[in-house]
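Participant: Residue numbers (this note's numbering), protein chains in the order written: chain A, 35 to 538; chain B, 89 to 186; chain C, 11 to 512.
Cut-off 16 Å, straight-line C-alpha distance, at most; resulting in silico cross-link-like pairs (EDC-like, lysine to aspartate or glutamate):
(1) C:Lys375 to B:Glu107
(2) C:Lys30 to C:Glu40
(3) A:Lys445 to A:Asp521
(4) C:Lys406 to C:Asp320
(5) C:Lys375 to B:Glu112
(6) C:Lys21 to C:Glu508
(7) A:Lys178 to B:Glu173
(8) B:Lys178 to A:Asp133
(9) C:Lys375 to B:Glu96
(10) A:Lys274 to A:Glu312
(11) A:Lys526 to A:Asp475
(12) B:Lys178 to C:Asp353
(13) B:Lys178 to C:Glu359
(14) C:Lys375 to B:Asp121
(15) C:Lys356 to B:Glu107
(16) C:Lys406 to B:Asp137
(17) C:Lys375 to B:Asp114
(18) B:Lys178 to C:Asp352
(19) C:Lys375 to B:Asp111
Hints are computed from structural coordinates only; laboratory data are not their basis. Bear in mind the structure is a predicted one, so any value in this text is a computation, not a measurement.
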Amino acid sequence: MTTFTELLSYEDALASFDPVMGLEVHVELGTRTKMFCGCSTELGAEPNSQTCPVCLGLPGALPVVNEIGIESAIKIGLALNCEIAEWCRFARKNYFYPDMPKNFQTSQYDEPIAFNGFLDVQLEDGEIFRVEIERAHMEEDTGKSLHVGGATGRIHGASHSLLDYNRAGIPLIEIVTKPIEGAGERAPEVAKAYVAELREVIKALGVSEARMDKGQMRCDVNLSLRPTPESEFGTRSETKNVNSLRSVERAARFEIQRHAAVLSSGGSIVQETRHFHEEDGSTTAGRIKDNAEDYRYFPEPDLVPVAPARTWVEELRAGLPEMPRVRRNRLREEWGVSEHDMQSILNAGAVDSIVATIEAGADSAAARKWWMGELARNANEQGVVVDELPITPAQVARVAALVADGSLNDKLARQVIEGVLAGEGTPDEVVDKRGLKVVSDEGALGAAVDEAIAGNAAIADKIRGGKVAAVGALVGAVMKTTRGQADAARVKELILERLGVTEG
Amino acid sequence: MPGITREEVVHLARLARLELASDELDHFAGQLDDIIGAVARVSEVADQDVPPTSHPLPLTNVMRADEVRPSLTPEQALSGAPAQEQQRFKVPQILGED
Amino acid sequence: MTTENILSIIKLTAAETAAKIASGELTAVEVTEAHLARIEATDEKVHAFLHVDREGALAQARAVDAKREAGEELGPLAGVPLALKDIFTTIGVPTTVGSKILEGWIPPYDATLTRKLKEADVVILGKTNMDEFAMGSSTENSAYGPTGNPWDLTRIPGGSGGGSAAALAAFQAPLAIGTDTGGSIRQPAAVTGTVGVKPTYGGVSRYGMVAFSSSLDQGGPCARTVLDAALLHEVIAGHDPLDSTSIDAPVPPVVEAARNGSVAGMRVGVVKQFSGEGYQAGVVQRFNESVALLKELGAEIVELDCPSFDLAMAAYYLIAPSECSSNLARFDAMRYGLRVGDDGTKSAEDVTALTREAGFGDEVKRRIILGTYALSSGYYDAYYGSAQKVRTLITKDFEKSFEQVDVIVSPTTPTTAFPIGERTDDPLAMYLADLCTIPTNLAGNSAMSLPCGLAPEDGLPVGLQIIAPAMKDDRLYKVGAAVEAAFIERWGHPLLEEAPSL
Ligand SMILES: [Mg+2]
Ligand SMILES: [Zn+2]
Chain A
35 MTTFTELLSY EDALASFDPV MGLEVHVELG TRTKMFCGCS TELGAEPNSQ TCPVCLGLPG
95 ALPVVNEIGI ESAIKIGLAL NCEIAEWCRF ARKNYFYPDM PKNFQTSQYD EPIAFNGFLD
155 VQLEDGEIFR VEIERAHMEE DTGKSLHVGG ATGRIHGASH SLLDYNRAGI PLIEIVTKPI
215 EGAGERAPEV AKAYVAELRE VIKALGVSEA RMDKGQMRCD VNLSLRPTPE SEFGTRSETK
275 NVNSLRSVER AARFEIQRHA AVLSSGGSIV QETRHFHEED GSTTAGRIKD NAEDYRYFPE
335 PDLVPVAPAR TWVEELRAGL PEMPRVRRNR LREEWGVSEH DMQSILNAGA VDSIVATIEA
395 GADSAAARKW WMGELARNAN EQGVVVDELP ITPAQVARVA ALVADGSLND KLARQVIEGV
455 LAGEGTPDEV VDKRGLKVVS DEGALGAAVD EAIAGNAAIA DKIRGGKVAA VGALVGAVMK
515 TTRGQADAAR VKELILERLG VTEG
Chain B
89 MPGITREEVV HLARLARLEL ASDELDHFAG QLDDIIGAVA RVSEVADQDV PPTSHPLPLT
149 NVMRADEVRP SLTPEQALSG APAQEQQRFK VPQILGED
Chain C
11 MTTENILSII KLTAAETAAK IASGELTAVE VTEAHLARIE ATDEKVHAFL HVDREGALAQ
71 ARAVDAKREA GEELGPLAGV PLALKDIFTT IGVPTTVGSK ILEGWIPPYD ATLTRKLKEA
131 DVVILGKTNM DEFAMGSSTE NSAYGPTGNP WDLTRIPGGS GGGSAAALAA FQAPLAIGTD
191 TGGSIRQPAA VTGTVGVKPT YGGVSRYGMV AFSSSLDQGG PCARTVLDAA LLHEVIAGHD
251 PLDSTSIDAP VPPVVEAARN GSVAGMRVGV VKQFSGEGYQ AGVVQRFNES VALLKELGAE
311 IVELDCPSFD LAMAAYYLIA PSECSSNLAR FDAMRYGLRV GDDGTKSAED VTALTREAGF
371 GDEVKRRIIL GTYALSSGYY DAYYGSAQKV RTLITKDFEK SFEQVDVIVS PTTPTTAFPI
431 GERTDDPLAM YLADLCTIPT NLAGNSAMSL PCGLAPEDGL PVGLQIIAPA MKDDRLYKVG
491 AAVEAAFIER WGHPLLEEAP SL
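Start from the sequences, fold in the hints, and give me the full structure.
Facilitator: Right, dumping it as structure tokens:
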């Protein structure tokens, strides 16, 4: 959708206004069953095959809380440095929508399970920005609608809709920041870095895969502008369901420019929900609700209060994994890489793969080299994340070991990896099948060297005359006759030895 | 505070998705006004310092293990559907958000 | 089967029926057929049933007989027919909750209570009439027409469980199930001369019981005798992992208590607030006689003051509508039930509003609007919030009382059965029927109603309410059994024998 929207340039916007953001992130937990019933949460099932009286909202059905849902919420709260409620309740959020079977969402209102926390996020230049967390609370997802009869499946203009409630009732944790102030021009970057870091935390906790592309993590961006950091908050817009890290940044940026244009032309911002459009990075207004929403929250009478024992909370705290930022700093130091390189590794999603490869015996330089080189390139081409490639860290470690002991050179190693990715088997099987082995037989190698010198007498003379750099051409010739299966360094040594030249 | 106007009833009926006829509105507005007049007495205790009771029994922490239980079959799930298509509940057009 | 045979079977108590089936004197099929015949002969007048499941009942009866023939041990109520309030889901059998919005809905699942009845080999005859969504005190709010009181068919059988109570009083079934949110088991029991028990909240699973007001609703047993009620109580009660508010503790020993009725040495409370204006003279008279009887039987009578009870009605008519406004939101024409106005041009929102308008009756609409109001921002604290504080105060008044007494007694309802149509357009007058029953729902404890005579002025039954603390349901039966035995001795027969024969 492209609707012409007046924008102010980003620089001008920031010159006149101070942005304040609020980020609401919904994370779908990776529990086996739904939040309030025993239906499976497995993806890809046929429509309405994972529903029961509870998640269909049939008359008479009652919810029972999933213990792992609560545990995950507490873990997330602890990881975000929150206080964990001694006692809290679920509440009903009442509003009608066909994708919500009971026409109320079982959520939490004024008594969230976790509150008052923070998450430190690292910006590109290494600066740490502290994002304060207002709360993390438990709720449930809605069903999925398919809009029929309109243009390209859009709700607008559809003649009717088809509902699948497999997703209805899947546990969600909603994490809400306090107003993020003081980010200034870096607000969009902070938004992206926060969501990225939160995603890392969620993954490290093992409570969700947090795949934004699969809707397991979704972000609403609230944004307002004010004339100066001392002024009161302006009116905010809420851009819903922004579903990639890049989009979070773009949505914030767009809204800053749009608000600025409206405000500097003397207009005022309408408090409304907006929709983000991936195609051009714009946002457009949602349907204006004729009545202000009145959710009529009240304590859910069908569920009893949750009062997590302190012993349980402390047990969970003790079991928390190392937090991603701490871990990254430790790894960066252990690996001896720059902040910038570490950022690239992070962006490639390769941290865990590299760690696992090192654990499987590779040295850190080799592990980084393969994951950030050949494999990153490959993943890029296929549009996947490196850890989704059909090769295991153990296999990469094996390739590195074969290189280290001289059985393979880099070129051959790349062919081995190519074979593994193509499904030809383990690295050793690919070596066997493709006959990839460095020619280390000195006799055979010596003959090839002699042949190359004889066939390129002019070059050989140049080398004898001191132009050592020309040796590359002879090495190339040897590699060609050995079909690449020679150790290039050893070939060079042999050539120089035969020609009686020592390297300067 | 007691007292409810016809306009308020219109608003509440909208929130509650009830398409009340005009004469019904008048009728209800009068009755609701009487009822609210009678129940508004509870606000006598509004500033008393007593905790509200949302649940009659003091139970806490009732949870279930994260174990899959059999779902209904899609046929059972859809058995009461006023309309269905492609194994999904067929519903009238949903007013667009975009 | 001759009329005489039928009569000899249907007049039996549940306990007697079960014993005869167990001994082989009667088969479950004979018993079931006798009751089906009685229903056929009388229900045109009474209209206690919304649906009679003849085939299902006979199949269940045959299964009981087969079990007996195979020498399997039978449960204490095996083969005994029961009338199930149409608020519990039943696989394959329509469940309407007395509402047009669920007309013809066939649930794909059984309520826990339904499952327990089946597992106990109780024969479910069918589903009984009720005020729509259990909202009412007369069964006149049923979308399917009112039920008559077997004592006088022009009068109400109470509500919301009027169908269940009338089925008992009309000898269509010796057992029935009711649900009690503000008195819907006890008040119908009172006006039909039968026994009804609201167990402690959480004592009987609510899973599969269509919700009206979640924090108040409680299913319970209805019968013609205290012992029968206890036997049924034991079958349907107990912890259910599918209901988070279900109590995870052993069921109080209700049957044992019913078999050992006694009030000797007990302290019985009489609450000041359950008297005064609005109480019919004959009701007051029979109640006072009951108190005198208790004293004769060895109980000590203690006067109690529960000032917060004066606010109970107001709190109830905020809490129940609030919860119902949310519970009934699911009836939106999308997934099940009625759908109106879907002509291909209307939006889902419009179809929902048109369907709810057409599918809900006046009382349901009134309560939905009232509840929507009480929960809306700006009113919540004054109304819903205050009502919940009243709830705390009522619970405290009960706690204080139960420090002084073992049980409390009161009239169940201020008047005898009123004529059908008398209060239909006066909601506030209708609400008065639950004056004495509501405090127990708000506090979550247990209570029973049993007959204590006929009001001299109209010859209609009067109910005595016994109230016990939470999880002390057995006290109801201990006291109830003693009172019942003493009254039968005094009258020379059970009260229901004085009812017209239909
Ligand atoms: Mg939410
Ligand atoms: Zn489910």
